[in-house]
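Visitor: In our numbering, each residue's number is its place in the sequence shown (first place is 1) plus 723.
Calculated from the structure, these hints are not laboratory results.
For glycine and all other residues, C-beta sits at the position ideal for the given N, C-alpha and C.
Don't take each hint at face value.
Label pairs and their calculated CB-CB ranges [what the hints assert, rightly or not]:
(1) Y777 x T728: 24 to 34 Å
(2) M760 x A782: 32 to 42 Å
(3) T787 x L732: 42 to 52 Å
(4) M738 x M807: 49 to 59 Å
(5) F734 x L797: 51 to 61 Å
(6) L732 x R769: 45 to 55 Å
(7) Q757 x K791: 20 to 30 Å
(8) I773 x Y743: 58 to 68 Å
(9) K755 x L729: 31 to 41 Å
(10) I776 x F739: 20 to 30 Å
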Amino acid sequence: MNNETLTLLGFMLLMFAGFYLLIIRPQQKRQKQQQDMLADLKRGDRIVTIGGIYGTIEALDEKTLVIKTESGALLRLVRAGVAMKQEQEEPAA
């Protein structure tokens with residue numbers, strides 16, 4: 724191998740390492756956090772769905788859950804449809 728080949732190989736390895744650190748690793752971390760949040764859901768948790776619907780979990784099983792919206796409607800959705808848990812609101816002083 725000549726010097727140019729080694730330089731090119733080193734540059735490609737450096738590019739891959741940068742790509743991994745800047746794109747792949749943060750995405751894996753976010754995905755792990757989302758999976759942990761979905762696994763920790765329980766009855767009574769306030770959530771926001773991917774579609775932007777706010778609700779409280781009324782019932783859940785392994786793959787689905789039923790939420791109650793502010794209007795009183797019950798909606799059944801897949802666990803993966805949950806975007807995040809709603810943060811606890813601080814009571815006004």
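Visitor: Taking the Cβ atom of K755 and the Cβ atom of L729, is their distance within the range 31 to 41 Å?
Guide: Holds, since K755 and L729 (Cβ atoms, about 36 Å apart) stay within the stated range.
Visitor: Okay, M760 versus A782 on CB: inside 32 to 42 Å?
Guide: 18 Å, violated
Visitor: Given the hint of 20 to 30 Å, check if I776 and F739 actually sit that far apart at their C-beta atoms.
Guide: Since I776 and F739 have Cβ atoms about 41 Å apart, the given range 20 to 30 Å is violated.
Visitor: Quick check: does the Cβ-Cβ distance between Q757 and K791 fall within 20 to 30 Å?
Guide: At roughly 23 Å between Cβ atoms, K791 and Q757 fall inside 20 to 30 Å, so the hint holds.
Visitor: State, for the Cβ atoms of F734 and L797, whether the hinted interval 51 to 61 Å holds or is violated.
Guide: Since F734 and L797 have Cβ atoms about 57 Å apart, the given range 51 to 61 Å holds.
Visitor: Quick check: does the Cβ-Cβ distance between T787 and L732 fall within 42 to 52 Å?
Guide: For L732 against T787, whose Cβ atoms are near 50 Å apart, the range 42 to 52 Å holds.
Visitor: Is 24 to 34 Å a correct range for the gap between the Cβ atoms of Y777 and T728?
Guide: Since the Cβ atoms of Y777 and T728 sit about 58 Å apart, the hinted range of 24 to 34 Å is violated.
Visitor: Please test the hint of 58 to 68 Å on the beta carbon pair from I773 and Y743.
Guide: 28 Å, violated
Visitor: Does 49 to 59 Å hold as the CB distance between M738 and M807, or does it fail?
Guide: Cβ of M738 to Cβ of M807: about 34 Å, so the range 49 to 59 Å is violated.
Visitor: A range of 45 to 55 Å was offered for this pair. Does it hold for the Cβ distance of L732 and R769?
Guide: Given about 53 Å between the Cβ atoms, the range holds.
Of the numbered hints stated above, those contradicted by the structure are hints 1, 2, 4, 8, 10, listed in ascending order.
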